[in-house]
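Participant: Here is what each chain is made of, one letter per residue.
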Amino acid sequence: MALEWKNLSFSRQILPVIALVGLIAAVIFIFTGLPDRALTEPDREPPRAPDAMAETARVAGSGVVEPSSEVIQIGSALSGLVTGLFVEPGQRVGEGEALFTVDDRAARAALREAQASITEARASIAEARNAQAIAARQLALYRNVDDPAAVSRAEVIRAEGETSSASERLKLAQARLQAAEARANSARTEIGRLTVRAPIAGEILAVNIRKGEYVSTMGGGGSQPFIEMGQTQPLHVRIDIDEEQAPRVALGEPATVSPRGAAERQVKATFVRAEPLVVPKRSLTNSAAERVDVRVLQVIYALPKADGLFRVGQQVDAYIPANSAAGGEAE
Amino acid sequence: MIWIAIRMLTGDAQKFYGLVFGIAFSTLLITQQLTIFVNLIERGASGVYNVSNADVWVMDPVSRTTDVAYAMPSTALDKVRSVEGVEWAVPHIRAQAAVRTSTGDLEGVAVIGVDDATLIGLPKRMLEGAPDVLDQPDSVIIDDVGTTRMFPDESPIGKRLELNDQRAVIRGVADAIPSFTSTVVLYTKYSQALRYVPGTRNRLSFVLVGAEHGVSADELAKRITDQTGLRARTRDEFAQDGVDFIIQNTGIPFNFGITVMLGFIVGIAIVGLTFSLFIRDNIKQFGALKAIGVTNAKIRRMVASQAALVGLVGYGLGIVGTVLFIWGFAGNPTFKGFYVPWQIPLVSLVAVFLILALTGWLALRNVLKTEPASVFR
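Protein sequences appear in the order of chains Z and Y. So the first sequence is residues 1 to 331, counted in our numbering. So the second sequence is residues 1001 to 1377, counted in our numbering.
Treat the hints loosely; a few may be bogus.
Unchecked claim - Restraint-style ranges between C-beta atoms, simulated for each label pair:
#1 D1105(Y) x G75(Z): 17 to 27 Å
#2 I1252(Y) x D43(Z): 29 to 39 Å
#3 P1253(Y) x V27(Z): 46 to 56 Å
#4 P247(Z) x H1213(Y): 46 to 56 Å
#5 L1324(Y) x G261(Z): 44 to 54 Å
#6 P1137(Y) x R295(Z): 30 to 40 Å
It is worth saying that the hints were derived from the structure and are not from the lab. The beta carbon of each residue, even a glycine, is placed where N, CA and C say it ideally should be.
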């Protein structure tokens, strides 16, 4: 087997070499071309069960952040134009602080009218007292005359009548005063009702009215509340738990809560209460035609202070420890 | 002595090339057809393999594949999250929708909604843009095969579409393996997908699950099924489900099986006939060799080395042909993501070995019976 150039045979030497080189190239191609199906870790942190709960029984739920007082949708007792607005979103208010006023010109006019009536009634009282005094003195004068011939019987009767009618006029005037005072009070109450005040101390969450807009007692346009407020210190979170999972929840245990989009920032929330009513799941797809057959138990937890991490209305993911008994069954 | 056998083989060029061609042709036929077959049915699993993060897929008990899925209520996500060993779980929606293009055409698309916060469920690689583009309003990411179908010869970036009366702007192109039907795929956020797909009551198609370290996917899937009553499949199981669905519902395995059998039969016929003819022509030479005292064992070795050379050259050329085919069509969207599974060349190697062993054994029978005296006849 001499490998000399002259004796080089295509079929005996070159072809097998080509075949071998081709095979090696093919093997390389095949092994570099295999599809990449390796599992990878997600780029962004997904909500994970806290380490402490990783290997124990747990229940997961999702929920929405709310004020500890729940959201109060401020209404108006009377309808009319908004003439004054004293708060803006984010502002903290004390209990009884004025939020907005509704046009009170009509009520104030009624008050002035009532006050005029009071003045008038007082004048009538003075006048009646005066008349009563004159009549009483006249009657006394007649009574002190000893000579029956000096004063006619008719004169005495007239004087007696004048006295009693003067005291009746006084009573009437006093009654008028009371009526006018009552009217004034009712006008003042009306004016008071036209100023809408904060029912509790808390934070203003939304203001949906502007000066000059008309508020009606039936609620705002598109059933938007005029002002939404609530106590945001502390915040609560309302966790929905599927009714099938509900018996497993260890009520009273703290929950681990993280906001959507910042799953790595988990906080411990303390148990407040479980709602006694199991309600249909509120889906957040905003579809008007939504029907539900899933019911959820709502459990309320208090969030610790975490600067701006949680906001009212935000969605959160939560992990709650499960009952050890139920956990035992699951395994 | 072996060298003599090789010279004997290559001495008759016609027969030698006939043999090489026969082996090369059947290798090519078997390897190439099997490759296309495997890749085609693996298209049924592309939806699973495109998601590179999920260890386990959870679905309604009646769901079968990524495309044949029945939606679950949204609390299924929390049920799954409650299971021990689940490190994370995210929602995933897959649905069909009709899209109106800027030119007014209607095109059926698959809308895939990935988790809003983590974007788990997107393919691993992007051709254009980054996954972050989904954070912009009304964004969708189109897959590359969809691009060639909907926007031939132009860039899809910035194109506006109309989905369920909603605006969608294409802001990225994903590098994904197309599905069996090569539907255009639009990736978007879960919340966005709910708006793009006309509403039904339950929308959640899948829950994608990552397993805790130290918990195997099989065990976790079993646990989820036990505890939630939902169907949990590991990634590989679910990929297999997709493949099985195509095998059960199409005639593809039967058709390709026939072609592979044809390759085998053609190989046997050509190689067998040529090899027998070649041996018969050289029977005098073998007789002469026997006359000078060459044993049967040596003759067997000679024939074996002849078969080995034919096999090597033929098999090599056949495999090279397959690789060239796959390489040449790699840019074609129809063949996007096609690869040669390493098992297939081994299968064809076994086939080549069987062909050569069978025909060589048949041809050798005559030689071994030949008496040295035959050289004088």
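Participant: All the hints need checking, so say for each whether the structure fits it.
Facilitator: Each hint tested on the structure:
1. D1105(Y) x G75(Z): 17 to 27 Å: Since the Cβ atoms of D1105(Y) and G75(Z) sit about 52 Å apart, the hinted range of 17 to 27 Å is violated.
2. I1252(Y) x D43(Z): 29 to 39 Å: holds (36 Å)
3. P1253(Y) x V27(Z): 46 to 56 Å: violated (27 Å)
4. P247(Z) x H1213(Y): 46 to 56 Å: violated (30 Å)
5. L1324(Y) x G261(Z): 44 to 54 Å: Holds, at about 49 Å.
6. P1137(Y) x R295(Z): 30 to 40 Å: Since P1137(Y) and R295(Z) have Cβ atoms about 33 Å apart, the given range 30 to 40 Å holds.
Hint compliance for this structure: hints 1, 3, 4 are not met, and every other hint is.
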